[in-house]
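Visitor: From first to last, the protein sequence lines stand for chains W and P.
The opening residue of the first sequence carries number 1 in the UniProt record's numbering; numbering runs sequentially from there.
The opening residue of the second sequence carries number 1 in the UniProt record's numbering; numbering runs sequentially from there.
Treat the hints with care, since some could be wrong.
Some chain P residues close to chain W (C-beta under 10 Å, calculated; not the full set) [claimed, not checked]: (1) Glu-10; (2) Val-36; (3) Asp-38; (4) Pro-74; (5) Ala-75; (6) Ala-100.
Calculated from the structure, these hints are not laboratory results.
Beta carbons are placed, not taken as given, at the ideal position from N, Cα and C, and that holds for glycine.
There are 2 protein chains.
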Amino acid sequence: MNLILLDPAELIEPDLAHLTDTRRLTHLRDVHRVQVGDTLTVGLLDGQMGRARLETLTPQTATLRIETLNTPPPAPLPVHLVLALPRPRMLARSLEHVTALGVKEITLLHTKRVEKSYWQSPELKEEKIHQHLVLGLEQARDTVLPRITLCKGFRAFLDDQLPELLQTRQGLVAHPGMANACPRGVSAPTLLMVGPEGGFIAWEVEQLLESGCQGIHLGERILRVETAVTALLSRLF
Amino acid sequence: MNLILLDPAELIEPDLAHLTDTRRLTHLRDVHRVQVGDTLTVGLLDGQMGRARLETLTPQTATLRIETLNTPPPAPLPVHLVLALPRPRMLARSLEHVTALGVKEITLLHTKRVEKSYWQSPELKEEKIHQHLVLGLEQARDTVLPRITLCKGFRAFLDDQLPELLQTRQGLVAHPGMANACPRGVSAPTLLMVGPEGGFIAWEVEQLLESGCQGIHLGERILRVETAVTALLSRLF
């Protein structure tokens, strides 16, 4: 937790935040070992970042007096990530990684090799997703929540969403065996598509290429989804 | 498991392997859903890769008849990774990620912000480390085990190991706030040093820079060690 992310609802005065959740209180006490009077890095959800002074600390609450709040959050990556829905534990970790890396638009997509049961996972509940995104923001010192869209049909994605997404973005499909190596140092707005463990099926790749996406690969090594996504984002941007 | 990695000790004839471990047998049965007669991708530990036919399968054993074994493993990354010892669960995942990415030389280093108790973790036992390396190789389709060195003293590393490592490699210290952004597309042999959660202390960075290493950063976002290591390797090579 490199930033205390304050929800506007936690502001009991314009410059006074009141925390009551066990997770952050425990972390402040046991990891940061804070004491009343300490100055801490804070950020307002979807807003600016700055410093606050710890005014009170009890086992159940903490109050933070905001002293400055005028640093903008770091720049987002110019990417919309389309990720075939990973299995629940990998989803949790992948959401934290990509949020920490600065992705702000994420579509979780059904493809042939996604197990249908994954869509019933409690990890997909709004409050669970929110938790993982917040962990990613706290880690990276960012305040801007990514927007998550669930798309349970590949055909519907192709027909109804992909054309609009590609109007203002280059489309890249990461898949082993594609013709081109993943480019480096891209600044153009990009739609990055990553398949599930086991990959897209050939038909899905064909459809994406026919729709105007370009196929890219990361070499002959086959990486786990969470490794591949971090590797792709880091090489691309 | 994208490759069945055969230990030479599992060869009961020059071209016949006999598997008895539950982990791979369960995976073959439940995930790959193999049947006798199927052809599978195999590799010989520290050797070549090829194909084998499943000759027998029982709940306790499988035998594989090797048909070809003449594909070299993928090229290694030209890097020696020096990683401040992460906490045990992060160590396990990081070893799998970096092995899958092709790192072959890893030094696990003590630094000021590494908790001393981590050196007592069962994850550091030889057979546990071996397990994580094998998982990384099986994932990436590689056969060559990385070499792991434990170094429990930062001063000893500086004095006894670093000068020799830098004789044939450029040294890069990844640390927030360094002057230069992480370079891209490097092919020179590289020593990459990554600090613990919380980072190197200032004195450690100074010592490494004075020894001839160059400081690099990944931007203003602070990443978890496992995310940072994957991001660094993917951007560098």
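Visitor: Which earlier hints can't be squared with this structure?
Guide: Numbers 1, 2 and 3, in rising order.
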